[in-house]
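Novice: So the chains spell out like this:
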Amino acid sequence: MEVNAEARRILAVSISKLYASRTQRGGLRLHRSLLLSMVMRSARDIYHSSRECEGPAGAQPASEEPMDTTPNPEEQPGLPEPEPQPALNSTEPAQEESDSSEEDSDTEITEDKENLSPARQSRKRRGKASAAPDFLPSKRARLEPGEERYAAPLGSWRLPGRVEPPPLSLPPSLPPQQRSAEQRAEKKPDAGRKV
Amino acid sequence: MRASSAGVGPGGDMQWCFSQVKGAIDDDVAEADIISTVEFNHTGELLATGDKGGRVVIFQQEIENKSQPQFRSEYNVYSTFQSHEPEFDYLKSLEIEEKINKIRWLPQKNAAQFLLSTNDKTIKLWKISERDKRPEGYNLKEEDGRYKDPNTITSLRVPVLIPMDLMVEASPRRVFANAHTYHINSISVNSDNETYLSADDLRINLWHLEITDRSFNIVDIKPANMEELTEVITAAEFHPHQCNTFVYSSSKGTIRLCDMRISALCDKHSKLFEEPEDPSNRSFFSEIISSISDVKFSHNGRYMMTRDYLSVKVWDLNMESRPVETYQVHEYLRSKLCSLYENDCIFDKFECCWNGNDSVVMTGSYNNFFRMFDRGQRRDVTLEASRENSKPMQVLKPRKVCAGGKRKKDEISVDSLDFNKKILHTAWHPQDNIIAVATTNNLYIFQDKVN
Chain A
1 MEVNAEARRI LAVSISKLYA SRTQRGGLRL HRSLLLSMVM RSARDIYHSS
51 RECEGPAGAQ PASEEPMDTT PNPEEQPGLP EPEPQPALNS TEPAQEESDS
101 SEEDSDTEIT EDKENLSPAR QSRKRRGKAS AAPDFLPSKR ARLEPGEERY
151 AAPLGSWRLP GRVEPPPLSL PPSLPPQQRS AEQRAEKKPD AGRKV
Chain B
1 MRASSAGVGP GGDMQWCFSQ VKGAIDDDVA EADIISTVEF NHTGELLATG
51 DKGGRVVIFQ QEIENKSQPQ FRSEYNVYST FQSHEPEFDY LKSLEIEEKI
101 NKIRWLPQKN AAQFLLSTND KTIKLWKISE RDKRPEGYNL KEEDGRYKDP
151 NTITSLRVPV LIPMDLMVEA SPRRVFANAH TYHINSISVN SDNETYLSAD
201 DLRINLWHLE ITDRSFNIVD IKPANMEELT EVITAAEFHP HQCNTFVYSS
251 SKGTIRLCDM RISALCDKHS KLFEEPEDPS NRSFFSEIIS SISDVKFSHN
301 GRYMMTRDYL SVKVWDLNME SRPVETYQVH EYLRSKLCSL YENDCIFDKF
351 ECCWNGNDSV VMTGSYNNFF RMFDRGQRRD VTLEASRENS KPMQVLKPRK
401 VCAGGKRKKD EISVDSLDFN KKILHTAWHP QDNIIAVATT NNLYIFQDKV
451 N
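Those sequence lines, one after another, are chains A and B.
Per the UniProt record's numbering, the first sequence starts with residue 1, numbered consecutively.
Per the UniProt record's numbering, the second sequence starts with residue 1, numbered consecutively.
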């Protein structure tokens, strides 16, 4: 489906542009972000409607995808990586986002994911983009008394006459590219600032 | 467009000749040197340019050379100053670019010249004044400024002003800051010479030239929920004679005319200019190419002109339903929109301008081409600003782009156009046939051939 391939290519290009615009000097340009999101919306709508038209022909997207992409090798890099998707949805309202916008956009993320090939679905399903992911400690200022940050084996510190905290195990740090683009643009978590 | 025969251009006998080019010859363009705005003052004697590095360069036309009337006088550098510096917004962790987005001259009231220059966030009023005399013969100071020993002073004298080499000084007289959350795209001085407006993506503010700590918000299109945002303000301008009227254009291709007498907040427009979209032209990029990049009133105040990606439209202020004239700037690009989207060219914001008597409109294109449309004669021409055609008084040859099919001799095919060479900013002398055309980092001045 030519229109389908074209729509996907435009989506890929748009996502990489949105991505690049975050690091642009002078900050996010509202006008440009708006136009990009409009193009992406049309491309996405066309993409979805053309897939609906395909119907049972779309049952094996995995086998179809390589055929679709070979004539358009440049389409491959941008497409369905998880990081650009929060970028897609969070730059729509550009500078002044509300949490509700992120909630709405997450349904869009899940919707898109369902239509992706099985190979892509192996990615972890993301919850609300605004919630801190598991590998970061919670944002409370301090621990409540008696609480421990990380689960320790039972009885590990119940030595007679001595109370000592469990060994602090640092969370596994993920390589940078697996963090969402939004978190990358966010301040460090301990800055205590709201996004 | 029919090919123009030798010696005849639009407007009858008018032909355009190269006059001057300003800027580095070097092909390697320094980013700070990229010209971002060009503006003649109200008499045309001064020509100001702003660049990405935050500098303003003003050229002055020399007094006409009476012995050679066929050559109009040249523009030479009059003043150069750093208008804006890069800043950092610590609250948002954003760098504020020093690029000059717009320059607007104030009408001259005394010996000094005033202009407004703006970057994304801050507008500044600059005073450009000449000093050609200096005082000499102070009682208490030596000529070099050192104070004399009071015991050596035995007489009293009056200092006199003696001539000196002309010095042009630019000093910032007002700084209008902290009034825009979004990026400023336009400034426009009101015909009352007391107020001016500044517009960003979502708001338009009204300022008094004397007051910097306050501005009135007169248009606010920011939705309560930013998710509902569908359009932004792209340009705004005051009417040239009616101090209560201004227009602003949007990314959706509409223009709203507002009357400040009706209410303090002009969210509700008095007129809405919109042309229905041609459904046969619908594509992924219809919205982008319908976004208006510039709006300019005609000098007589009866018309306004808008520039979108592919065309220039002239609107009669009394008719909102459609433009009275539409000129295709580079229609051959319509089939290339996808590539232009990929290389970002589709986001280029072209400006447009009127000539002094509103009979011709001009705008830029790619490959260092610029286009003129003669409204009365219904003729148009494509010219090129290039170093190859820069011999003194060399007549510019009209150019033609071949859209498809067989390419004739001297025609250029669409695929060989250089999309990195774009002319976004052009200006026309208010009274004379002198035009200033900005390529990436060079300013070309052309004038019509006086027969």
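No lab work stands behind these hints, which were simulated from the structure alone.
We put the CB at the ideal spot given by N, CA and C, even for glycine.
Mixed in with the good hints there might be a few duds.
[Claimed, not checked] Taking lysine-lysine pairs in the DSS-like style, the calculated list, with each CA pair at most 30 angstroms apart, reads:
#, chain 1, residue 1, chain 2, residue 2
1, B, Lys22, B, Lys127
2, A, Lys17, B, Lys22
3, A, Lys17, B, Lys336
4, A, Lys17, B, Lys422
5, A, Lys17, B, Lys406
6, B, Lys124, B, Lys109
7, A, Lys17, B, Lys222
8, B, Lys141, B, Lys109
9, B, Lys349, B, Lys124
10, B, Lys421, B, Lys391
11, B, Lys109, B, Lys92
12, B, Lys127, B, Lys52
13, B, Lys391, B, Lys409
14, B, Lys391, B, Lys52
15, B, Lys336, B, Lys222
16, B, Lys222, B, Lys349
17, A, Lys17, B, Lys252
18, B, Lys52, B, Lys222
19, B, Lys409, A, Lys17
20, B, Lys449, B, Lys409
21, B, Lys52, A, Lys17
22, B, Lys391, B, Lys252
23, B, Lys422, B, Lys408
[Unchecked claim] Derived DEER-like restraints, expressed as beta-carbon distance ranges:
#, chain 1, residue 1, chain 2, residue 2, range
24, A, Gln24, B, Tyr332, 26 to 32 angstroms
25, A, Gln24, B, Thr230, 40 to 46 angstroms
26, B, Asp213, A, Gln24, 26 to 32 angstroms
27, A, Ser16, B, Asp220, 29 to 35 angstroms
Novice: To test your reading of the hints: which numbers does this structure violate?
Specialist: Hints 2, 5, 8, 11, 15, 19, 22, 25 not satisfied by this model.
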